[in-house]
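K.L.:
Residues per chain are reported as follows:
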Amino acid sequence: MSENQNTTRRDALRKMIRSTGLFALGGLGWGAYVDKAKASELVLRPPGALAEQDFLNSCIKCGICVEACPYDTLIVAKPESHVPIGTPHFKPRAVPCYMCPDIPCVPPCPSGALDIDKLKKDGDETGDKLDINKSQMGLAVVDHESCIAFWGIQCDSCYRACPLMDEAISLKYERNERTGKHAFLKPVVNSKACTGCGLCEHACITEKAAIRILPRDLAMGKVGDHYIKGWDEEDEQRLQNIKDAKYQSTDEVPAEDYLNNWEDLIDE
Amino acid sequence: MSSLLRRNRFLVPRRIVQVSLLVFFVGANLYGWKVLQGNYSAAYVFESFYLADPYAVLQMLVAGFILNLDVIVGAVIVLLIYGLLFGRGFCSWVCPMNIVSDLAHYVRRKTQMNRLDEKMPIKRDMRYWILVLSLVVSVFSGVAAFEFVSPVSMLHRGIVFGFGFGLAAVFMVFLFDVFVVRNGWCGYICPLGAFYSFIGKYGLIKVNHTKNDCTLCGNCFAVCPERQVLSIIDKQSGSIPNSECTNCGRCIEVCDDDALHFGKYRKLK
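As you go down the protein sequences, you meet chains A and B in turn.
The numbering used here puts the first sequence at residues 1 to 268.
The numbering used here puts the second sequence at residues 1 to 269.
No wet-lab data here; the hints were simulated from the structure.
There's no promise every hint is true.
Said to hold, decoys possible - In the DSSO-like style, the derived pairs of lysine-lysine whose C-alpha atoms are separated by at most 27 Å in a straight line are:
no.: 1; chain 1: B; residue 1: K123; chain 2: A; residue 2: K15
no.: 2; chain 1: A; residue 1: K120; chain 2: B; residue 2: K34
no.: 3; chain 1: A; residue 1: K78; chain 2: A; residue 2: K208
no.: 4; chain 1: A; residue 1: K78; chain 2: B; residue 2: K123
no.: 5; chain 1: A; residue 1: K15; chain 2: B; residue 2: K34
Produce the complete structure using the sequences and hints provided.
P.N.:
So, in structure tokens, the structure goes:
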């Protein structure tokens with residue numbers, strides 16, 4: 001009798017441990033899958049999208065922005081697109097963003113994954129005026145090898161397609177030493193103005209576009225606050241951002257004076 | 001003919017509701033109709049207010065994001081509709097996966113796959129564990145975990161925006177229901193259904209049973225997708241107490257003794 005009780009109790013314990021184990025097994029597998037599935041460095045999001053991690057969390061995958069897009073630029077990610085499933089994105093070589101001034105895709109977003117505040121016109125107090133040029137969907141990057149303008153052949157397709165001509169893409173004139181009498185007209189992208197709409201990529205005449213939109217995070221480096229343009233007063237303001245105590249200015253030894261206080265450096 | 005209609009007097013309206021919702025969603029994408037835009041995750045109704053999947057919103061909240069009020073209010077509206085009125089009615093009246101699982105159930109019955117069953121490989125409470133697990137994984141991964149794998153979402157998104165391989169996931173659910181477990185997806189696994197079982201517990205509309213009319217013919221057991229909820233049949237009168245009942249009304253249709261009816265909540269006697 002007591003032995004019997006013992007076995008049932010042990011079995012109950014076994015069952016509990018098994019449930020916990022299965023729970024952990026499922027959780028680890030599921031977690032690993034989700035972690036893999038949300039890794040999406042190469043995705044271009046609609047205007048006003050939050051930073052990728054926040055966007056992935058807050059997008060409820062309803063597709064209302066996709067339906068609002070009049071050019072069918074935005075598409076919903078399918079399982080095989082290798083973009084986090086159900087999320088809106090676009091492929092500019094197929095259909096670029098045509099930069100609607102009223103931005104129909106953003107206001108209907110119910111979850112805040114597309115943030116209208118990011119696209120409010122600067123200096124407008126009412127706050128209802130929108131400025132599509134403030135969107136940062138990506139950054140155009142030119143492949144100098146395959147861009148024929150860099151060969152010396154005249155092509156300004158991207159420059160003319162750009163809705164922010166001379167701001168986001170400008171043409172840089174350079175002497176062509178090979179011929180000695182022609183000029184290169186090289187497209188140069190300004191990362192401060194480029195919105196990543198992809199009209200340039202769409203217009204590029206090479207077989208595979210020589211100018212392409214990459215997510216800004218991927219395309220841009222970051223210099224850090226310890227390299228400063230000493231000749232630029234505005235740039236020097238970035239010194240204020242340094243949090244590391246190592247770089248904080250102290251009253252004791254001004255950096256430019258340390259060679260003058262040579263007494264401290266000599267033992268005797 | 002009239003008896004055929006009578007025997008499907010809930011099935012037909014259910015299919016009408018399911019299909020017409022899908023038609024509105026598809027029409028919004030293809031023709032720009034403004035009745036229901038989006039899909040079952042979140043919908044923009046008449047361009048005036050939103051509805052949202054409360055389970056998806058819950059996952060997003062535990063994953064640690066402060067969402068817009070629009071989507072929270074939308075989720076609360078849905079919670080109230082099912083929590084106060086229709087119980088787990090979402091599963092049988094709205095969810096498009098219901099059409100797939102009903103078809104699988106039909107195929108399984110016609111081919112008598114049940115004869116091969118020796119023992120159920122899984123238990124019905126597994127879906128509650130999956131529900132809890134989805135929230136745990138959401139916390140750790142920082143995204144709504146079930147929304148990344150949900151065949152239900154792949155189905156309705158697929159219908160509105162194009163399937164791709166999402167169709168494979170839906171077909172897997174179908175195969176699982178036909179060959180592995182009777183009503184396996186909806187009755188054992190789907191955490192969305194488990195979620196609606198929770199919130200639908202106190203819904204006003206219930207299936208009511210009158211014990212004295214029952215002849216225990218077993219018709220209701222044959223069609224019910226959640227047979228365990230019929231435990232009171234021929235034993236007690238009153239509302240089906242188990243909130244896993246999806247209010248599909250199949251049992252009412254097939255009951256030859258008029259011992260089952262839709263009605264508001266009644267105590268068991």
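K.L.:
So, for every hint listed, does it hold in this structure?
P.N.:
Against the structure, the hints:
1. At roughly 13 Å between alpha-carbon atoms, K123(B) and K15(A) fall within 27 Å of each other, so this suggested pair holds.
2. Proximity of K120(A) to K34(B) is assessed by CA-CA distance (about 26 Å); at most 27 Å being required, the pair is judged to hold.
3. Proposed proximity of K78(A) and K208(A) is supported: the alpha carbons are some 24 Å apart, at most 27 Å.
4. At most 27 Å may separate the alpha-carbon atoms for a hinted pair to count; K78(A) and K123(B) exceed this at roughly 32 Å.
5. Only pairs whose Cα atoms come within 27 Å are accepted, and K15(A) paired with K34(B) is rejected, the gap being roughly 52 Å.
Figure legend: structure checked against the earlier numbered hints; hints not met, in rising order: 4, 5.
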